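Residue numbers (my numbering), protein chains in the order written: chain A, 1 to 224; chain B, 1 to 376.
Note that these hints are calculated values from the structure, not bench results. Keep in mind that this is a model prediction, so the values were computed, not measured. Keep in mind that the hints are not guaranteed to be accurate.
[Unchecked claim] Sample of chain A residues lacking proximity to chain B, with all beta carbon distances greater than 12 Å (derived):
1. Leu-2
2. Ala-68
3. Asn-72
4. Thr-90
5. Leu-154
[Said to hold, decoys possible] The list that follows gives simulated cross-link-like pairs (lysine-lysine, DSS-like), each with its CA atoms no further than 27 Å apart:
6. B/Lys-60 <-> A/Lys-39
7. A/Lys-145 <-> B/Lys-102
8. B/Lys-60 <-> A/Lys-43
9. B/Lys-82 <-> B/Lys-102
10. B/Lys-290 <-> B/Lys-35
11. B/Lys-331 <-> B/Lys-220
12. B/Lys-135 <-> A/Lys-145
Where a beta carbon is used, it is the ideal one built from N, C-alpha and C, also for glycine.
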Amino acid sequence: MLDEASISALLLTLKLALLSTSILLVISTPFAWWLTQTKWRWKGVIEAMVALPLVLPPTVLGFYLLLALGPNGPIGSLLAAMGVGSLNFTFSGLVIGSVIYSMPFVVQPLQHAFSQTDRRQMDAAATLGASSWDRFFSIAVPQAKRGYLTASVLGFAHTLGEFGVVLMIGGNIPDETRVVSIAIYDHVESMEYSQAHYLSGTLLCLSFVMLLITYLSQQKVKPS
Amino acid sequence: MSSNEFDSVEKILRVDVTLKRNDFTLQANFCSPAKGITAIYGPSGCGKTTLLRAIAGLEKDVLGSIQFGDVDWIHSRLPTHKRNVGYVFQRSHLFSHLDVRKNLLYGVKRTKENKRRIAFDDAVSLLGMEKLIDKSVGILSGGERQRVAIARALLSGPELLLLDEPMAALDHQSKSEILPYLEKLHQAFSIPMLYVSHATDEIARLADFIVLMENGKTYKHGPLLETVADINSPLAEQANAFSILEGRCESNNVTGIGANPGTPKPKVLLTSINVDGNRFRIPFAPLDGKNIVRLRIVAKDVSICLDRPLRTSILNVLESTIVEIKDNEVKGQSVVKLTVGNQFLLARISLYSKQQLSLVVGDVVFAQIKAVALVR
Chain A
1 MLDEASISAL LLTLKLALLS TSILLVISTP FAWWLTQTKW RWKGVIEAMV
51 ALPLVLPPTV LGFYLLLALG PNGPIGSLLA AMGVGSLNFT FSGLVIGSVI
101 YSMPFVVQPL QHAFSQTDRR QMDAAATLGA SSWDRFFSIA VPQAKRGYLT
151 ASVLGFAHTL GEFGVVLMIG GNIPDETRVV SIAIYDHVES MEYSQAHYLS
201 GTLLCLSFVM LLITYLSQQK VKPS
Chain B
1 MSSNEFDSVE KILRVDVTLK RNDFTLQANF CSPAKGITAI YGPSGCGKTT
51 LLRAIAGLEK DVLGSIQFGD VDWIHSRLPT HKRNVGYVFQ RSHLFSHLDV
101 RKNLLYGVKR TKENKRRIAF DDAVSLLGME KLIDKSVGIL SGGERQRVAI
151 ARALLSGPEL LLLDEPMAAL DHQSKSEILP YLEKLHQAFS IPMLYVSHAT
201 DEIARLADFI VLMENGKTYK HGPLLETVAD INSPLAEQAN AFSILEGRCE
251 SNNVTGIGAN PGTPKPKVLL TSINVDGNRF RIPFAPLDGK NIVRLRIVAK
301 DVSICLDRPL RTSILNVLES TIVEIKDNEV KGQSVVKLTV GNQFLLARIS
351 LYSKQQLSLV VGDVVFAQIK AVALVR
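Isolated chain A (complex conformation) (with noise of 0.2 Å):
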């Protein structure tokens, strides 16, 4: 069975999937729906620069993020002012790079799913006494509903699978930085095959299982 080190990889791969997938529903949905809602000619720029880690090599990601949030990197500079030490290598840095990593699986099927918000019912809402605020959150927001959940699991589920990112950033400290990808990859070295298959598998099965829940949820509910 899987020994007590994996045991805490995974439950740390958990928090981190956890945390980055509700920091991430928080950022995006403003964020989608602004672009959505946006006339703005170089806004092609900004949907680039998200889609970016859809294509990049996460060791090139992890590399820039490095580099950013080191000593001397823009990040990293700032928060020493602001008398916060060095990112990486820490949990905290690691939710950081997942943000940046994920956000193309989070932003783009809540983009999608605003996209279909039907105008004309948010006028409706507006003639019955509903502000703007009231409107996204009482209309636009419940109707994104399966937008929400491929969201969520794309963006829990793709964290989960993160390696190029922490190996760059994070390292492999124990409890800290240690998650399930690079506890395998750890495990495969020094010729733990049996950790790296209960490892594995427990990861295979948890994605499957989320992706699974998805696609027959939106099978289910497709209107008629």
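Could you slot chain B onto chain A? The hints should help.
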């Protein structure tokens, strides 16, 4: 009602707005009274819906003023949700993620208790929705959706109800299902309503006042009967020009003569309507004489004789005085305005006939009316 009376009626809404959209300009200037239905009438695409949306605050860059009561909605930059209007859209736009009850409650929740005009249960029964209340909106028929939309708007306690062709998207069956509810609304509430439509039958039935529009501009407004009988408005030139007369049912229904001896009661064939002392006879309708009824008469169904025609199949022949004549040389037509008591009737005849009969204002003639539609 004469125009002097209209001028003295309290006006709740005064609109004077301009709105530019690419190659379209809306220019509307009218006022409407604090009570009753004001129809906004014009051909499709003339800007009626845009005007209504501008009044609701759903259009951007509207210039001018919309004075409602003491407040200028444009000047005070009042957003839609603070204008206290109810809006019934052509295609309902019910909230697809909520069931009927939650759709209805959406506006109720956002209305202060002292501003609510109708109790939830009353609205449900007024619009006959008892059986729909727990259904999902996706399975409703067009007519049902529109009833929910009307109730939803009413329940938000509006001070002005805006109806954008609420029946245009419905089939004939659903239309006749909705109309009685709209009439009930008219009778049960004193909420002023703006009713956009391009259907003359709906307007003849529902409206008290009318605003005429064409190519993005309003060109005339006033009490319905008088305005549609105005010979100088483009409406009188249209193929479907019509006039509306109001009267009351007389009790002496005409029964068939020589009915089968076997049947105990002869069948009732006609109903008489008294319009300012003139009797109109129409196919039998079950009326009780309590309410004022409306007759719509299309101008091309009225012909003019100098002598009283005898032995004719036409039921309605009235002795009447010509008050105005307008010739259209291009079409070779004349529109003649005739008196019916204190009300007016339009007749459209050929310019040739008019010259042949040498009709002039003040002549007493006989109007032969081929078709009379009871609209209300």
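Hints and how they fare:
no., hint, verdict
1, Leu-2, "holds, 42 Å"
2, Ala-68, "holds, 41 Å"
3, Asn-72, "holds, 48 Å"
4, Thr-90, "holds, 42 Å"
5, Leu-154, "holds, 22 Å"
6, B/Lys-60 <-> A/Lys-39, "holds, 15 Å"
7, A/Lys-145 <-> B/Lys-102, "holds, 17 Å"
8, B/Lys-60 <-> A/Lys-43, "holds, 22 Å"
9, B/Lys-82 <-> B/Lys-102, "holds, 21 Å"
10, B/Lys-290 <-> B/Lys-35, "holds, 21 Å"
11, B/Lys-331 <-> B/Lys-220, "holds, 23 Å"
12, B/Lys-135 <-> A/Lys-145, "holds, 20 Å"
Violated hints for the displayed structure: none, as all numbered hints are satisfied.
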